[in-house]
Amino acid sequence: MVFMKRKIIATIGAALLTLAACSSTTDPAAPSSNPPAAGADGKLTVVASFYPLVYLAEQVGGEQVTVTSLTPAGAEAHDLELAPADVAGLEQADAVVYIKGFQPSVDTAVAEVKPAHVLDVASVANLQADDGHDHGGDEGHEHAATATPRPTETGHDHDHEGHNHDHEGHNHDHGHGHDHGGLDPHVWLDPTIMSEAAHELSHVLAEADPAHAEQYHANAEQLMEQLQALDKSFHDGLKTCSSRSLVTAHEAFSYLARAYDLQIIGVAGIDPEAETSVARLQEVSKQVKDQGIKTIFAEPGTNKTMQTLADELQVKLGVLDPLEAQVDPAQDYLTVMQANLQSLRDGLGCQ
16 MVFMKRKIIA TIGAALLTLA ACSSTTDPAA PSSNPPAAGA DGKLTVVASF YPLVYLAEQV
76 GGEQVTVTSL TPAGAEAHDL ELAPADVAGL EQADAVVYIK GFQPSVDTAV AEVKPAHVLD
136 VASVANLQAD DGHDHGGDEG HEHAATATPR PTETGHDHDH EGHNHDHEGH NHDHGHGHDH
196 GGLDPHVWLD PTIMSEAAHE LSHVLAEADP AHAEQYHANA EQLMEQLQAL DKSFHDGLKT
256 CSSRSLVTAH EAFSYLARAY DLQIIGVAGI DPEAETSVAR LQEVSKQVKD QGIKTIFAEP
316 GTNKTMQTLA DELQVKLGVL DPLEAQVDPA QDYLTVMQAN LQSLRDGLGC Q
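Here this note's numbering is used: the first residue of the sequence shown is 16, the next is one more, and so on.
Each hint should be verified, as a subset may be incorrect.
The calculated DSS-like cross-link candidates involving lysine-lysine, where the alpha carbons are at most 25 angstroms apart (straight line), are [stated by the list, open to error]:
#, residue 1, residue 2
1, 129, 58
2, 254, 309
3, 254, 319
4, 309, 319
5, 304, 331
6, 319, 331
7, 254, 331
8, 331, 309
9, 319, 301
10, 301, 331
11, 319, 304
Keep in mind that the hints were calculated from the coordinates and are not lab data.
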């Protein structure tokens with residue numbers, strides 16, 4: 016009888032232990048009372064649409080962030096199409112940085128998932144119109160280096176070096192319901208716009224992760240100093256050149272040209288994949304001959320159209336990297352831009 020009582024007590028005890036174990040196990044479907052503010056490693060997860068913005072996020076975020084690029088290495092950024100997993104990654108990210116009007120699939124996904132913390136870099140620049148060819152500082156255009164950031168929605172004010180940056184709540188996506196169609200989104204090729212973007216991104220990250228706000232702002236200040244030094248190098252390096260006409264494969268360099276008083280002559284338009292008409296080639300050829308241009312510029316890699324044009328015109332073919340992708344992992348935004356400056360100095364006959 017005693018044995019039976021002990022057996023019953025042991026059985027009840029085992030059942031109670033099992034019940035306690037079950038009750039302490041977290042139900043995967045149940046919401047956590049303390050959800051993590053960042054990734055499993057405690058870092059903020061940031062999704063950037065393509066390389067220049069990856070660089071921006073890595074520099075401003077530093078050790079506190081993990082940055083993922085939507086555009087795979089070696090892929091054409093203009094033609095990006097997102098997989099469902101990419102869209103899910105956007106939705107799960109702590110912060111997103113992109114350029115509205117550059118990659119339509121990203122625009123659509125951001126509008127669909129509505130991330131809580133977003134920076135549209137187009138919002139810190141006055142986008143230039145893609146209105147054809149031959150843009151330059153000598154045509155009375157306002158330089159991107161002194162452009163006033165586009166007015167934004169009411170909200171808290173980030174005052175930095177005389178600029179007022181207004182934002183609404185946690186969402187720094189200032190798309191006002193309109194499309195950037197017909198506007199040039201290649202803003203990253205102007206270092207001063209990248210500097211403004213670094214400042215804005217530090218506030219986006221600080222709002223997503225207040226505990227490290229001071230670090231984000233300090234990182235941004237350091238990057239801004241480097242970008243301002245780069246801007247000065249371009250101004251000084253392109254101050255005295257025998258030619259100020261910049262003939263390029265496609266018009267990715269309009270912001271750079273306008274910032275440094277160069278006249279852009281694009282063989283193709285904004286899209287590098289667009290076919291160039293015979294009429295446009297003839298027009299560019301005439302301009303090269305009439306202006307005595309000694310160098311035209313292609314992008315890294317093989318460009319048969321530009322090589323043929325250079326051969327026919329008996330001019331040099333220089334290389335300018337539009338930085339839509341990181342071609343060499345050993346080179347970053349700053350070093351590639353310095354290489355672009357040297358290529359411009361060589362090709363334009365700068366002293």
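* To do: Go through the numbered hints given earlier and state which of them the structure violates, listing their numbers in rising order.
  => 3
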